[in-house]
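*Asks:* Protein chains in written order, with this note's numbering: chain Z, 5 to 258; chain E, 5 to 362.
Please keep in mind that the hints were generated in silico from the structure rather than gathered at the bench. These numbers come from a predicted model, not from an experiment. Treat each hint with caution, since some may be false.
Claimed, not checked - One-sided excerpt, in silico: chain E residues whose CB lies under 7 Å from chain Z:
(1) A16
(2) V197
(3) T248
(4) V250
Beta carbons: idealized from backbone N, C-alpha and C, even for Gly.
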Amino acid sequence: METKKAIISVKDLVKKYDDFVAVQGLSFEVYEHEIFGLLGPNGAGKTTTLEIIETLRAKTSGEIIVDGFSVDKNPQEIKQIIGVQLQAAGYYPNLNLVELIELFAGLYGANIKPMEMLEKVNLQDKAKAKYKALSGGQKQRFSIATTLINQPKIIFLDEPTTGLDPQARRNLWDLITEIRNSGTTVVITTHYMDEAEQLCDRVAFVERGQIIAVDTPDNLIDQLVASGFERKKEVKKANLEDVFINLTGKEWRE
Amino acid sequence: MQKYSNTTATLALAKASFRSIMRSPSAVVFTLAFPLIFILVFGFLGGGGTRLDVGVKPGSDINNPVLTMLSKTGMIRLVMDKSQKDLDKLLEKGNVDAVIDVHKKMNSVAYSVNVVYTSASRDKGGILKSVLNNVFYDKTLKPTVAEIKESTITGREYKTIDFILPGQLGFSLLSTGVFGTAFVFLSLRQTLVIKRFFATPVKRSSIVIGEGIARIGFALIGALFIILIGHFFFGFTLVHGALTVVNMLILATMGIIVFMGFGFIISGVAKSESMVPPISNIVTLPQFLLSGTFFSIEAFPNWLQPISRALPLTYLNDAMRRVAFEGSDLWDVKFQIMILLIWGIVIYAIAVKVFKWE
């Protein structure tokens, strides 16, 4: 792979809670303009790692640089250049989508037109709807819209596709790819390996608070195959999800 | 890149919060509907003023100026044509507040007035005393009866609304401050809204101040609404007109800030939304009952009065009544303001310790 510039670098990150080590000596780099996936089972430390990079959580030790800013010394500067989607975060009650976008614009000090932001994620028809009234896929797209308000260099998406149906999931992949293509670096966590394989330029596997592998999905698969791994069942040219999409149609319903 | 503005962020939050409060049914009900219902009920119950039922002793001289003047005050309903026996019974039960007997003195233009009060209706007896006093100082009549003691009464007619409205205003501020603040911060914390805010460059102080501006703004609009309805529909006394309203709103601001402190503490102590109402009631109910919202605290037994005099709402209510009815300015109620200030310092010192962001 050609030399790429690291926009995030994490070195020897450790996070200890009272009697539990969530992250133990974790190091990786995220390159500019890529979709970087953090993969691993529940409780492996993915969310903790993300929240430390996002300056939402204090680390025990280690060094993190985000676009030249240190999380210790310049958290405010980092907040201005990142967009964050939290797992299961709610939004201010009783406000409609336009009003929520206005609120975030104020919080970021960004001068944007709320309707344009909603158009980016194809929610212009829901401008007057409340967040609670949205479907799962719409909620995730709205969350992504709020991460784009300050025209960030990096956005963090924590399990954005969990609980979505196949159509909504694919729709979200398209949106995330578009965001990457427009020059934003994307860091994403997911439990779905098919998603990581299709969407991510590079992935890191996290297990028990440590990185056990980092590479492109292709390389990682090739390495496994080269080691003599074979699937028990002959792989067919399509899988059940392809059947689902083929039968129920590609277009996404609300 | 333009410089980040904390003011913009604070105002954006205030605007969002204000919109949210205006659409929240519970906020509107607690701040406006409840107080207005109470004002309505008491406004009509009281008929706009205190009423005294005074029995006239049989055989009393009816065509005398004393009785004429008493009935002219508009406060006193004379109960005639009852036998002495009936009157005694009524008096015992407090169904009449006093019995009066007027006779012309022998060989004199003066009248002799005998009044029998009842312990069943002490408050009103006191009022009657004052009224009689007033009547006797009137030009034509001379004080003739020793049992009528001198006491100062306020020259203006003190209507029920003048007592009830400031109390309801205080109650409105208390519930908006305590319940509203506690619920909002707890739910923002639990739904991770605050966490999402922390991922933006906004400062913590901006979040608190923005919320505060919205809640104070909402409470003041509610207060203004209550005052104006009271004034125009129920004849609530505003001695210096608009100036009095401004003074009341300044007091309201101080009150709501103190009460919001309770809300911050509750939001930090409560583990779930269902814990907010019981804890909030522990704070609001005693003040609701003991701070002179419905009854003057002088009416409470002696052992209860020190408790009443320790509560912040007592002083807010007291200050409000003085400003509205007696026309005091803020300097005159500095003692009450000082007590509120002390409460504010204590409450916020605790709030800083127990408030939780996450």
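*Asks:* Should the interface hint for E/V197 be scored as holding, given a Cβ-Cβ cut-off of 7 Å against chain Z?
*Replies:* With a closest approach of 5 Å, the E/V197 hint holds.
*Asks:* Taking 7 Å as the limit, does the beta-carbon of E/A16 come near enough to a beta-carbon in chain Z?
*Replies:* At 2 Å from the nearest chain Z Cβ, E/A16 passes the 7 Å test, so the hint holds.
*Asks:* Against chain Z, is E/V250 within 7 Å by beta-carbon distance?
*Replies:* With Cβ-Cβ at 30 Å, over 7 Å, it is violated.
*Asks:* Hint check: is the beta carbon of E/T248 less than 7 Å from a beta carbon of chain Z?
*Replies:* violated (34 Å)
Checked against the numbered hints given earlier, this structure breaks hints 3, 4; the rest are met.
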